[in-house]
Amino acid sequence: MSIRKLGFPLNNDSASVQRLSRRMLRAVALFILFVLLILRAPTARADTATTTIGVGSTPYAVAVNSVTNKIYVANILSANVTVIDGATNATQTVSVGTIPRAVAVNPVTNKIYVANSSSANVTVIDGATNATSTVSAGASSWGVAVNPVTNKIFITNYGSANVTVIDEQRTQAIPIFVGITPLANNLVMTSTPTFTFVPKNYSSPFAPPVQIVYYQVDTWQNAWSAASSTDGTTWTGTTGALGTGVHVVYAWAGDGAEATSINAAKRAPRSSSSPIIGQIAAYVFEVVPSASVSLSPSPLNFGNQAINTTSSPQAVTLTNTGAASLTINHIATTADFSQ
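Numbering (the numbering used here), first residue to last: -4 to 334.
No wet-lab data here; the hints were simulated from the structure. We treat Cβ as the ideally placed atom computed from N, Cα and C, and that holds for glycine. Treat the hints with caution; some may be incorrect.
Said to hold, decoys possible - Calculated lysine to aspartate or glutamate pairs in the EDC-like style (CA-CA distance at most 16 Å, straight line): (1) Lys195 with Asp250; (2) Lys195 with Asp226; (3) Lys195 with Asp213.
As the list claims (entries may be wrong) - Pairwise CB distance ranges (calculated): (4) Ser90 with Thr189: 41 to 49 Å; (5) Thr225 with Met184: 22 to 30 Å; (6) Val243 with Gly138: 48 to 56 Å; (7) Thr129 with Ser287: 54 to 62 Å; (8) Ser90 with Ser223: 37 to 45 Å; (9) Val103 with Ile326: 22 to 30 Å.
Assemble the whole structure, with the sequences as input and the hints as a guide.
Printed below as a string of structure tokens:
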């Protein structure tokens, strides 16, 4: 038997033996790890479609607005976008440019941007009304991306070797913003909280007074509620009944022009009327359960007690019957028992 073929040293160099032993141990450990990974690997399972929704011809791109639960599918050959309601799977069709190759959503402003390759432009869809407008772009617009923090949109133009940048704020005809006064600790213990809105019109050189403030909770797709004001400066609005948990209140403001446009849209909901409004503000808050306590027994009856004597002690049980925590720092007594 040849010792050299086994790879063991023929001398008594202990360092060489230790290095060889470590190499062998590492090799064995790696082999064991490899086997364990194979044994622990999950069995591949194919996802199965549960629902099929009809869209346009040659659907090529898709984008989702998680705030409104709407899905937008760009259909190349039919030159339109299918809007899918994520809650019901109901669809609507919005016409766009020629050969729409990309679609992106700005969840902050609820605007959808569709890059049209052959018509060298971008279709901007108002997510609230599905009304559209068009912005020129470069040749063969193939891609679109949205930065919701800066409200800038970037279009890649394959044919003209450049990028078109759209600044969404510049499309705001009336720069009206609304502040939402925060709640204490962003918490409220009533299911119907009241919010205070403070709008401001930054138009220049003349800023028309704000005449309307609208708000709603947790979505942009329900009916907007009108806030009220007695001085035209501060507005208030009370929500409907809300469950416990985290919620978002949205609000926007406008002048009389927006009110006229909204009324026109209500009379003809399928028309292209799209009110130009100020930027939509959002505020996150939490509805927490209120504390509730009960006393037993109640009331206490000490009977007649002589002056300067101590009555017999009576036990009182205080029970928190609510879901919120309750801290009692002091118990006050009144009348003859005042301290």
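Taking only the CA atoms, is the gap from lysine 195 to aspartate 226 under or equal to 16 Å?
-> holds, 13 Å
Holds or violated: lysine 195 to aspartate 213, with C-alpha atoms at most 16 Å apart | It is violated: about 23 Å lies between the C-alpha atoms, which goes past 16 Å.
Is 54 to 62 Å a correct range for the gap between the Cβ atoms of threonine 129 and serine 287?
-> About 58 Å separates the Cβ atoms of threonine 129 and serine 287, which means 54 to 62 Å holds.
Between lysine 195 and aspartate 250, does the CA-CA distance stay at or below 16 Å?
-> holds, 11 Å
Serine 90 and serine 223, beta-carbon distance inside 37 to 45 Å?
-> Taking Cβ atoms as reference, serine 90 and serine 223 lie about 39 Å apart, which means the hint holds.
Has the hinted range 22 to 30 Å been met by the Cβ atoms of valine 103 and isoleucine 326?
-> 50 Å Cβ-Cβ, so the 22 to 30 Å window is violated.
Outcome of range test on Cβ distance (threonine 225, methionine 184; 22 to 30 Å) = holds, 26 Å
So does valine 243 sit 48 to 56 Å from glycine 138, Cβ to Cβ?
-> Given range 48 to 56 Å: violated, Cβ gap about 30 Å.
Falls inside 41 to 49 Å, the C-beta gap from serine 90 to threonine 189?
-> holds, 42 Å
Figure legend: structure checked against the earlier numbered hints; hints not met, in rising order: 3, 6, 9.
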